[in-house]
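Peer 1: So the chains spell out like this:
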Amino acid sequence: MANKPKIPNIAEIMADIKSGKIWSDLAKKFTESQIWTSSFRHGYADTPRNRVLQIASNVWLHLHPVKIHRHALRIKFTWCMGGITFLLFLSTVVTGVILMFYYRPVGEYAYFDMKYLQYDVPFGMLMRNMHRWAAHAMVITVWLHMFRVFLTGSYKPPREFNWVIGVFLVTFTLLLSFTGYLLPWDQLAMWAVTVGTNMARGTPFLGHEGPFQEYVPLISPRYDARSVLLGGSLVGPPALLRFYVLHCIFIPLVAGALMIVHFWRIRKDGGISGPL
Amino acid sequence: MATAVKKKTAEDLPEKVHVWPYLVRLEFLCALIVIVGLTVWSIVVDAPLEEAANPTKTPNPSKAPWYFLGLQDILVYFDPWFAGVVAPVLIIVGLMLIPYLDVNPKGNGYYTYAERKLAIWVYSFGFIVLWIALIIMGVFLRGPGWNLFMPWQYWDPHKVVALVNVDLPYAFGFRDYWNSAMFGGAVVLGYFGLGTAGYMFLERKAIKSVGILRMLLKINLMLIMMGIVIKIVLRLAFNIKYVLVTPWFNI
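Protein sequences, first through last, are from chains A and B.
Each residue of the first sequence is one higher than the one before, starting from 1 at the first, in my numbering.
Each residue of the second sequence is one higher than the one before, starting from 1001 at the first, in my numbering.
Just so you know, the hints here were simulated from the structure itself, not pulled from any lab data.
These numbers were taken from a predicted model, which means no experiment stands behind them.
For each residue, glycine too, the CB sits at the ideal point set by N, CA and C.
Among the clues, some could well be false.
Okay, the calculated beta carbon distance ranges per label pair [claimed, not checked]:
#1 B:Pro-1014 / A:Leu-253: 36 to 44 Å
#2 A:Leu-218 / B:Asn-1239: 35 to 43 Å
#3 B:Ala-1171 / A:Arg-267: 53 to 61 Å
Listed below are the simulated DSSO-like cross-link pairs for lysine-lysine, each with C-alpha atoms no more than 30 Å apart in a straight line [said to hold, decoys possible]:
#4 B:Lys-1063 / B:Lys-1241
#5 A:Lys-268 / A:Lys-67
#6 A:Lys-115 / B:Lys-1063
#7 A:Lys-4 / A:Lys-29
#8 B:Lys-1016 / A:Lys-67
#9 A:Lys-29 / A:Lys-6
#10 B:Lys-1208 / B:Lys-1106
#11 A:Lys-4 / A:Lys-21
#12 A:Lys-115 / B:Lys-1057
#13 A:Lys-76 / B:Lys-1117
#14 B:Lys-1117 / B:Lys-1205
#15 B:Lys-1117 / B:Lys-1208
#16 B:Lys-1057 / B:Lys-1159
#17 A:Lys-21 / A:Lys-6
#18 A:Lys-76 / B:Lys-1106
#19 B:Lys-1106 / A:Lys-67
#20 B:Lys-1106 / B:Lys-1205
#21 A:Lys-18 / A:Lys-6
#22 A:Lys-18 / A:Lys-29
#23 A:Lys-4 / A:Lys-28
#24 B:Lys-1016 / B:Lys-1106
#25 B:Lys-1016 / A:Lys-268
#26 A:Lys-4 / A:Lys-18
#27 A:Lys-18 / A:Lys-28
#28 B:Lys-1159 / B:Lys-1241
#29 B:Lys-1016 / A:Lys-76
#30 B:Lys-1106 / A:Lys-268
Please model the entire structure based on the sequences and the hints provided.
Peer 2: Dropping the structure here:
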C-alpha cells in the first residue's frame, strides 16, 4: 500500500495553480529532464550580475544600457514608436533583399519582373506586400515618434543634436519611400514620381521653370535640378536605374549610418528623456 | 492565512531597473505584435500594381505618393518654386531649428501642456492641420483636375469650375503693372515687417535673454507658416490668386 501513488485532489491542484507553485513544479520537471540537462550545460541564475552580463556581453543587445529609468518602460511615455520604426526598417531590408533577387531595374524588364514576382515566385507577393506595407507603416510611425518626442520636449538640452539627426532620418525615410515608389514601373509609379519630381522644375536658380533661372547659364529642360534627379528630361529608364541605386544602396547606407549616430547619442545624452 | 501585503508605492520602487529582463521582454513582445500584424496585413491586402508605365497616357488626377499630398495640395495656392522646393526646405530646416529656437527650459522629458502652450500649439497645428489634414484631403477629396469632390460625389472629369480668381492688387482696383507690383510688394513686406516689429515690441523684455537672431528666426518662420494659412483662406473665401506678381516669381 505504501507504494501506491498519491492521487492529488482538485482542491490541492487549485491551490497549486493559485499560489503559482504549479509553474515552478513544471519548470523543474523540464529543466531537470535528461534532454534539457544534456543540451544546456548550466542554468541561468537570475542575479544582478547576470542581468548586466546578458546585455553587456551580447553583441545584439549591448545597444542598450544595462539599466534604464523606470519611466522609460512605460508605453504611455514612449509610444514605442522609435523602436517600431527601426523594426519596420529592418523588415524592409530583409524583404527588400529578397525582392532584389528577382527584380531588374531596366525599362524593358522591371514591370514584367513585378508580374513574375507576384505570380510565379514562391511567396513573392507576400514579400512585396510586406515590403510595401512596412515602408508605408514606417512613414507613419516615424511621424508619430517625432510627435511624441516633441510633446515630451525631448529635443531640449542636452538632446538638441539628436533631434537634428532625427529630422534627417525623417527626411531619408520619405526619400526611401519615394524612390521605392517608382520601382514597380507601373502607371501609379511613373506618374506619382512625375508629379513629385516636376516640383524640381521650379527650383529657384537651378530649375528651368524656377525664379531667376534666366540668370544662370546652361539651365534648360535637359540640364537642371530635375534632370539631375531623373537622368533625363522625363521619367524614363535612366530615372528608374537612378532611383533603384538610390533606393537600394545610397539612402539605406546614409540612413543606416545616421541611425547608428541616433542610437549612440540617446545613450551619450543620458538615456531616453525623462523628468529630472 | 493570507497576510496583508503592503501596497507598493512609487517611493518603494528603485529608480532604475535592469534592461534584462524588463525592457528586453517588452521590446520582444512589441516586435512580435508588429511582425504578426504586418504579416497578417500583407496576406490579406495586396500591394497595388496598375498597368505598365506609359508616358503617353497621363492619368487624371495624377497624384504624388500619399505622404507628399499635403505639399501637392499647397500647389493650388502657391507656385511650384514655393510649394515644391522652398516650403519643404523650410519645413526641414525649421524642424531642425526647433531645439535652438525653443529656449523654454520647462517641459524637458515629460508631457505638459500648461508649461509650453505656444510650442505645443504651433507644432500640433503644423503637424495635424497643415500636414495630416491636407494629406487626408489630397488622398480622398481631390479628383480629376485636382478639383474638390465630396466622398459621395462622382469624380466627373468634365466638372466645370468657374475661373474667377483675381490677384489681390486687382481686387483693390490696381490695373497697371507697376502700381500692382508696388501694392503687392507693400502687402508682403508689410506683413513680415509689421509682424516682426510687433512681436519684437511685445516681447521686448525677452530680447536680452533669448537673443535677437533667435527671435527674428522664430517669428519669421511662424509668419511664413501663418502666411500659408492666410493664402489658403484668401483663395477659398475671396478668390485671390496672387498677392504679388513679378516677372520672376509670384507669391
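Peer 1: Verify the proposed pairing of Lys-268 of chain A with Lys-67 of chain A, using a straight-line Cα cut of 30 Å.
Peer 2: holds (14 Å)
Peer 1: Given the hint of 36 to 44 Å, is the C-beta distance from Pro-1014 of chain B to Leu-253 of chain A inside that range or not?
Peer 2: At 41 Å between Cβs, range holds.
Peer 1: Taken at face value, is the distance from the CA of Lys-76 of chain A to the CA of Lys-1016 of chain B at most 30 Å?
Peer 2: holds (18 Å)
Peer 1: Sort out whether Lys-1106 of chain B lies within 30 Å of Lys-1208 of chain B, counting only the CA atoms.
Peer 2: holds (19 Å)
Peer 1: Below or equal to 30 Å on CA atoms is what counts here, so check Lys-18 of chain A against Lys-29 of chain A.
Peer 2: Distance of about 19 Å is within 30 Å: holds.
Peer 1: Is Lys-1106 of chain B close enough to Lys-67 of chain A, meaning Cα to Cα at most 30 Å?
Peer 2: holds (26 Å)
Peer 1: Below or equal to 30 Å on CA atoms is what counts here, so check Lys-18 of chain A against Lys-28 of chain A.
Peer 2: holds (18 Å)
Peer 1: Mind checking the alpha carbons of Lys-76 of chain A and Lys-1117 of chain B for me, to see if they're no more than 30 Å apart?
Peer 2: holds (21 Å)
Peer 1: Quick one, are Lys-115 of chain A and Lys-1063 of chain B close enough, alpha carbons at most 30 Å?
Peer 2: holds (23 Å)
Peer 1: Keeping to a limit of 30 Å between CA atoms, is the pair of Lys-18 of chain A and Lys-6 of chain A held or broken?
Peer 2: Satisfied, since the Cα-Cα distance of roughly 21 Å is no more than 30 Å.
Peer 1: For the pair supplied as a hint, Lys-115 of chain A and Lys-1057 of chain B, confirm whether the alpha-carbon distance does not exceed 30 Å.
Peer 2: Roughly 21 Å between the alpha carbons, so the hint for Lys-115 of chain A and Lys-1057 of chain B holds.
Peer 1: Tell me if the straight-line CA distance from Lys-4 of chain A to Lys-29 of chain A falls inside 30 Å.
Peer 2: holds (21 Å)
When the structure is compared with the earlier hints, no violation turns up for any of them.
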